[in-house]
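Each chain, written out:
There are 2 protein chains.
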Amino acid sequence: MAVIDTLRATTTITTILERGAMAVRPVADLEAAYAHKALDSDILLGGERKNQPPEGFDGGNSPYDWPQDRVRGRRVTYTTTNGTQAIERVREVPRLVLAALINAWACADFLRQLQQPTLIVASGSRGAPALEDVLAAGAVATHWPRADRTDAAEIACAVFERDRTRLLEALRHSDHGRDLVQLGLEADLAFAARLDVSTVVPMLDGDGWLRPVAR
Amino acid sequence: MAVIDTLRATTTITTILERGAMAVRPVADLEAAYAHKALDSDILLGGERKNQPPEGFDGGNSPYDWPQDRVRGRRVTYTTTNGTQAIERVREVPRLVLAALINAWACADFLRQLQQPTLIVASGSRGAPALEDVLAAGAVATHWPRADRTDAAEIACAVFERDRTRLLEALRHSDHGRDLVQLGLEADLAFAARLDVSTVVPMLDGDGWLRPVAR
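Heads up: the sequence lines are chains A and D, in that order. Going from the first sequence to our numbering is simple: count from 1 and add 1. Going from the second sequence to our numbering is simple: count from 1 and add 1.
Hints may be right or wrong, so weigh each one.
Copies of the same chain are indistinguishable here, so a pair counts whether it falls within one copy or spans any two.
Restricting the straight-line Cα-Cα distance to at most 25 Å, the calculated cross-link-like pairs of lysine to any residue (SDA-like) are [to be verified]:
#1 38 to 165
#2 51 to 91
#3 51 to 149
#4 38 to 145
#5 51 to 150
#6 51 to 148
#7 38 to 188
#8 51 to 151
#9 51 to 29
#10 38 to 187
#11 38 to 212
#12 38 to 69
#13 51 to 117
#14 51 to 127
Please keep in mind that the hints were generated in silico from the structure rather than gathered at the bench.
Please work from the sequences and hints to get the whole structure.
Spelled out as structure tokens, the structure:
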């Protein structure tokens, strides 16, 4: 199964792992994050509420908050409004990976090799589909043959096929993308819109930590 | 609000009205349909269960079951597995119309003139989105400016924009379309795939009958 929250949780967590963090622990609520830090002060806290880093956090939900020299060798506890809630709901699933536009091919490649039915969860927002998540779901699903896709997967592929040559423009026009642009975070959209630039596939282990799949 | 069940309820009901039926009454269950006929033997019964006309019905869910000389001036009680259930759920909404590919522009034109927020319900099937309904939702939503569309509407528009020059092919590849082809009903797909060929907009009146909007 792949969980997608393109703007910005799954994009940024993938990037944090790519930059050398040991592991990222997704947690649903702020209290769990603070409790984690209280138990182990070496842990970094990351994520957002209302698109901004919560009080006392080491960084927000932007990839630019997590340079290599900050994250290398560290563990990061991460909580966001949407993406980490979606992960929390499905965390018992075996081989749960995080997908985004930046690692779409890598995720599809890993999942296809399992040779099992694959569920792709486009997180969305407030119960409604989010364009950027359906777009990224399409970027993953397009690597399966048409005959193997459900109608829902094919809908996602259609969005991706229409917008694949203008991904940044699509993110800019999405509801959440517009919010982020208004907050001055357009650079995060440009970062998230780069297709297949990462080979990192974050996968949840039995202890609740996301680590890169060894491939 | 527009309710869409492209294959085949909203396509066929639009066609029955176009061919001169006085009114079509959507009902959710078979028992209600038979009860209706028992009260007024002049009523025709139409619709399907498992894609076939139920026992004692005057026609199924195919537009070819309803030629002009059968329906002109008549009233038809209609029940299907999916589409009439969707209508039942939202029937209290004012100005509820039925949309399909065949009358997408006409529906959009009527709804836009109301100058109110419009909800487009793509019925889907068994809780999952159906490609043909999202496609038709896009054919309707594409008549609103991009800035007025939610992400969900934009997703539907993307499907329509990708497939608008190959609508029949898209219907053939949809999950439900494949079922209908297997049942020998490919002609119904070809009928449903004709964009904007009808100006009939079926609207539910206060007595529970669908009638063409006077425009």
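Hint check results:
1. 38 to 165: The answer is neither: 40 Å in one copy and 53 Å across copies each exceed 25 Å.
2. 51 to 91: For residue 51 and residue 91, only the intra-copy Cα distance (23 Å) is at most 25 Å; the inter-copy one is 33 Å.
3. 51 to 149: Between. Shortest inter-copy distance 24 Å satisfies the 25 Å Cα cut-off; intra-copy 38 Å does not.
4. 38 to 145: neither (41 Å within a copy, 49 Å between copies)
5. 51 to 150: For residue 51 and residue 150, only the inter-copy Cα distance (23 Å) is at most 25 Å; the intra-copy one is 35 Å.
6. 51 to 148: For residue 51 and residue 148, only the inter-copy Cα distance (23 Å) is at most 25 Å; the intra-copy one is 40 Å.
7. 38 to 188: Answer is neither; intra-copy 29 Å and inter-copy 64 Å both fail.
8. 51 to 151: between (34 Å within a copy, 20 Å between copies)
9. 51 to 29: within (14 Å within a copy, 43 Å between copies)
10. 38 to 187: neither (30 Å within a copy, 61 Å between copies)
11. 38 to 212: within (19 Å within a copy, 64 Å between copies)
12. 38 to 69: within (21 Å within a copy, 74 Å between copies)
13. 51 to 117: neither (37 Å within a copy, 29 Å between copies)
14. 51 to 127: So residue 51 and residue 127 pass the 25 Å test inside one copy only (13 Å; across, 34 Å).
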